[in-house]
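For the record, the sequence lines run as chains Y and H.
Sequential numbering from 1 applies to the first sequence in the working numbering.
Sequential numbering from 1001 applies to the second sequence in the working numbering.
Any given hint could turn out to be false.
The list that follows gives simulated cross-link-like pairs (lysine to aspartate or glutamate, EDC-like), each with its CA atoms no further than 20 Å apart [stated by the list, open to error]:
1. H:K1118 / Y:E46
2. Y:K194 / Y:D212
3. Y:K124 / H:E1062
4. H:K1089 / H:D1031
5. Y:K103 / H:E1062
6. H:K1118 / Y:E309
7. Y:K85 / H:D1051
8. H:K1089 / Y:E309
9. Y:K270 / H:E1114
10. H:K1087 / Y:E202
Hints are computed from structural coordinates only; laboratory data are not their basis.
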Amino acid sequence: MTSFDQGGEAASIVSVTDKVKPVSLGMAVTAVHYLGDRAAFVGTEESVAVVDGEGEISKVDVTGGGILAAVSDGARLVFGGDDGKVTALDKAGAVSVLVTDPKRRWIDNVALHPDGAIAWSVGKTAFVRQPKGEEKSLEVPSTAGGLAFAPKGLRLAIAHYNGATLWFPNMAGEPEFLGWAGSHHAVTFSPDNKFLVTAMHEPALHGWRLADSRHMRMTGYPSRVKSMSWGSGGRFLATSGADMVILWPFVGKDGPMGKEPAMLAPMKAKVTAVACHPKQDILACGYEDGTVLMVRMQDGAEILVRRNETPPIAAIGWNAAGTWLAFSDESGEAGLLPL
Amino acid sequence: MSDASKIPVTVLTGYLGAGKTTLLNRILSEDHGKKYAVIVNEFGEIGIDNDLIVGADEEVFEMNNGCICCTVRGDLVRIISGLMRRKGKFDAIIVETTGLADPAPVAQTFFVDEDVQKNARLDAVVTVADAKWLSDRLKDAPEAKNQIAFADVIVLNKTDLVSPPELAEVEARIRAINPYARLHRTERCQIAISDVLERGAFDLDRILEIEPEFLNAGDDHDHHHDHDHGHDHHHDHAHGLKHYHDEDMQSLSLRSDKPLDPSRFMPWLQNLVQTEGGKILRSKGILSFQDDDDRYVFQGVHMMLEGDHQRKWKPDEARQSRVVFIGRELPEDAIREGFERCIVT
């Protein structure tokens, strides 16, 4: 399948393209999050475009330079910038500077904890600041490629070259090191707190079972994995990096060990962004050629959301209730789909 | 890599004190109407006046592909992807490496990293060398040798501090290591910016255009006019190999006026860089294949090769194949024999 045309064999595919509200953001986009009942598209530089369900756009400048990282907990969006600042945007549209690096070094990564703690990294150093303002830092062996808070407790995973470090900022003990040769970038805990998965510089994921540090090699991708999303209940991890969505099973105590991943929605273009529905076994995925699909995990049934032949899809995301889907291509041609 | 939409990257290297920062400040202060993003090591400690200046820490990552010499600079991967968010704010990137850095991981980053390759192209490795002290550094510092071996452009600086024979000697030493780089003599890095930037030396389409002397490399680069210095015996072998007794780095230049058989040459070259890639720092070639009206151009860094048909041979052009390898302890006889077996007789 190369493209979705009207008629022919593709006519059998259900389409909801006419239900999508197109939105022109007028800026390059890298991510989409939600602030309350509005979608917040993160630009490559300076601005965030906050869009309501009617497609009304309000742009907010959040940094003085490039936005290197952005995370959200639904109530606020937190950014790492190449201006050396960690800034936050809240639901009311207020921007506040949370951290200023004294040497104005790049803030490469940020992470948010449900209790309000934030983490960020500058080169090899990861920082955690708790809601009371107490700040702690840890130096890892090489530049932090990714940060993630564990779903339980105040524990931070820091991905770096040759492995990941697990750190309890409030405990005196030594951080735990999980080794695996190679450069580790994005990192994520499984929602049940049993597994840690990193996306590597090479086209592969690596996982560890936290109970016994057993390794999980998740390889076979033609290109680097840049987008990962946990399916409802954490039973699957959906990923980009191939010309179909790769879905690793995380049911049972062994996770994906010794199991084959499911492969959904094959196209002749690479998947660039994935987002699992927060409640149902449905995922949305965007491709390098601009196509957006919704896919039912059980049987791979596909629904066309957006036609192809545009720039790559850079951002895709569901709101917390799973009642609308927002996406954008790299150039900022975005869409909203209410369900 | 010839895609014009990719941001050109110039790598500025050279041993400590050779004059890298002087050259960098020269480039930035010149009235050229361009904006550069500059990646430096001593972030904030040197007086570089530029908006887009980023600190790097020279993290070298081995790739997990089983190839012992495939490395990338992790910090460059990260910084270039960060800079790409601000595409449109600058025209080119200059990477200043520390005096002790190995240029190979920098160059390989542009070959192997998929995101970097998509967005940026390596323009040239520019090595600043100190005319007064380079000969000593070549004896005691392997980094200085690597920097000369990797260079596409060599800025031989501080020429006012040496006598003409000393200058001839240091140039001969450079040529013995790297016969195809453009060499410029300077005082206080006084050089036209166009001689340093936008060279396209890693661009296959431009290899010969910017390096017209490439096909003559090894023949007439012997600037070593009087060499009665006693201890440095300078050998000039028949086929362009030159080395000093105290020199482990060498260049090997091969030539054929008869066409090559691609079905023999390609597997031979692949196998050579697979088995000897650790020793071969750089390779470049312009090839005339049998029954092929196009020139074939290739270049490589260690085990990584890229090559393509470039353009038609011009009617008045000699269809000559030329290959240069720069490296350490190259198995000269085996390489020469292998090359000769690829010649159509």
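Here's how the hints hold up against the structure:
| no. | hint | result |
| --- | --- | --- |
| 1 | H:K1118 / Y:E46 | violated (23 Å) |
| 2 | Y:K194 / Y:D212 | holds (10 Å) |
| 3 | Y:K124 / H:E1062 | holds (18 Å) |
| 4 | H:K1089 / H:D1031 | holds (17 Å) |
| 5 | Y:K103 / H:E1062 | violated (29 Å) |
| 6 | H:K1118 / Y:E309 | holds (19 Å) |
| 7 | Y:K85 / H:D1051 | holds (16 Å) |
| 8 | H:K1089 / Y:E309 | violated (27 Å) |
| 9 | Y:K270 / H:E1114 | holds (14 Å) |
| 10 | H:K1087 / Y:E202 | violated (25 Å) |
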